[in-house]
Amino acid sequence: MKTTWKLLAVALTLCATNAYSFDFQKELSNAQSLGQELKAKRDAIQAPMQAAGLTGYSEPEEIAIGRQIAGNLLGAAPLVKDAALQKYVNKVGRWVATQSERPDLAWHFGVIESNDLNAFAAPGGYIFITRGLYKLLANEAELAGVLGHEIGHVIRKHHLKILQQSKMLDLGSSALSKQVGGNDKIAGLIGSGAEIVSRSLDKDAEFEADRIGVVLASRAGYDAYGLPQILQEIGHAAPTEDSVALLFKTHPHPDVRLAQLGEVMDSRFDVAKAQTLPKRLVKIK
Amino acid sequence: MIKRLTLVLGILMLSTQLASAVEGGVAVKNDTLRAEPFQDAKSAGTLVKGERADILKSTGGWMQIKTAKSKGWVRMLSIRRNAARSTGKSGSSLAALASGRSGTGKIVATTGIRGLNEEELKAAKYDEAQVTLAESYSSSKSDAQSFAKQGKLVARKVDYVAAPGGAK
Chain A
1 MKTTWKLLAV ALTLCATNAY SFDFQKELSN AQSLGQELKA KRDAIQAPMQ AAGLTGYSEP
61 EEIAIGRQIA GNLLGAAPLV KDAALQKYVN KVGRWVATQS ERPDLAWHFG VIESNDLNAF
121 AAPGGYIFIT RGLYKLLANE AELAGVLGHE IGHVIRKHHL KILQQSKMLD LGSSALSKQV
181 GGNDKIAGLI GSGAEIVSRS LDKDAEFEAD RIGVVLASRA GYDAYGLPQI LQEIGHAAPT
241 EDSVALLFKT HPHPDVRLAQ LGEVMDSRFD VAKAQTLPKR LVKIK
Chain B
1 MIKRLTLVLG ILMLSTQLAS AVEGGVAVKN DTLRAEPFQD AKSAGTLVKG ERADILKSTG
61 GWMQIKTAKS KGWVRMLSIR RNAARSTGKS GSSLAALASG RSGTGKIVAT TGIRGLNEEE
121 LKAAKYDEAQ VTLAESYSSS KSDAQSFAKQ GKLVARKVDY VAAPGGAK
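Heads up: the sequence lines are chains A and B, in that order.
Per this note's numbering, the first sequence starts with residue 1, numbered consecutively.
Per this note's numbering, the second sequence starts with residue 1, numbered consecutively.
Bound-form chain A, shown alone (with noise of 0.2 Å):
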């Protein structure tokens, strides 16, 4: 008997490595025609840890390609200029953040200057939300859950992985010497400007968000019916409004996410002393 199981556990493992070579030779021979072999070295050994969830960045790699974004999306939209409304947000949005896995990195949230209903995610933890989207608020939870949605994108890493996908970049320590006037080598990475926030990810990565974002929320102690609720504000745009074209573009409908929401939300999330804390809103002059 013990003779059988391992000759099965030999056999399994052999199958596992027959499948990772087929994949390997695939992927160099793919890599080769483009003459790249170090290249396709490297796609080797990160397509495995991708799948794995894990990206081959480390984490000051992955803040210093989170803060060239920023940098870059903040050349088009900048900060609304409100101290105190800024530093509410990045207290809530470290509350947030806190309950996730990655709660010692160093979150970074701001509203920017848009009218456009949208947020955004750069590696590393950097979060906006625009003055359209904070205007439609009606209170914390909702601003929590929005929060939580793109935190949810930074520690599955779903911008990262897209980089990965479309460019590989050996960025070393270089990556981390310059700071004044940004990186050039990460610039190359990322592409012109911001162009990567108006970049669709999958769409079950945005469910996933979405799920992420309410269990977030709701283990800071908020209603988790926020994000569900400004979804459905959101929603009620016209498709055909400025305001929500690049969201509508590179996310599902509002309506399809909150169908997703809606089958997995239970009575898990019905939690008596929930706050929505709808005072503690900070008004956006």
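Hints listed in this document are in silico derivations from the structure and should not be mistaken for laboratory results.
Where a beta carbon is used, it is the ideal one built from N, C-alpha and C, also for glycine.
Careful, some of the hints might be misleading.
If you anchor each label on the Cβ, the simulated ranges turn out as follows [as the list claims (entries may be wrong)]:
#1 B/Arg156 / A/Arg199: 33 to 41 Å
#2 B/Ala83 / A/Asp82: 26 to 34 Å
#3 A/Lys249 / B/Tyr160: 24 to 32 Å
#4 B/Lys69 / A/Ile284: 36 to 44 Å
#5 B/Ala83 / A/Asp202: 28 to 36 Å
#6 B/Glu119 / A/Pro103: 34 to 42 Å
#7 B/Val26 / A/Gly188: 43 to 51 Å
Given chain A's structure and the hints, the job is docking chain B onto it.
Just chain B, lined up with the frame of chain A:
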């Protein structure tokens, strides 16, 4: 005569107020109406996908609704609301306009800044001063903790939920 006019006017005003206070919605799935906003509360009827309902109240994840046959509470995710929320308390469309929300669900642009589009984002130039400013507003973990305490926010354990298909 004047009295009667005032009365008519009064009724008219009342009825418009009522009309703006009641919000409608459509059921997006079959569900059970509950006597109270809890999953294990007594059944108060059924809701059929596509059925219209008036939304009377909403609290947390629950909505109190009135259908042609019954009245009760359902989960908010069972209903798709017809119109954007008015500002709530006042029920006045003027307040909605002032806050940037209009009755049609359109967001009224008040500052004249255009929407973000791909071209604009592509052309965006890195702004170091803005990133530094953004980072200066950051909150520490202990700041956030005392802020949570002020709001009576109590952290609790909630597991991540799997996708409807099964995978995380």
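Here is what the structure says about each hint:
| no. | hint | verdict |
| --- | --- | --- |
| 1 | B/Arg156 / A/Arg199: 33 to 41 Å | holds, 35 Å |
| 2 | B/Ala83 / A/Asp82: 26 to 34 Å | holds, 30 Å |
| 3 | A/Lys249 / B/Tyr160: 24 to 32 Å | holds, 28 Å |
| 4 | B/Lys69 / A/Ile284: 36 to 44 Å | holds, 43 Å |
| 5 | B/Ala83 / A/Asp202: 28 to 36 Å | holds, 32 Å |
| 6 | B/Glu119 / A/Pro103: 34 to 42 Å | holds, 37 Å |
| 7 | B/Val26 / A/Gly188: 43 to 51 Å | holds, 49 Å |
Violated hints are absent here; each numbered hint is respected by the structure.
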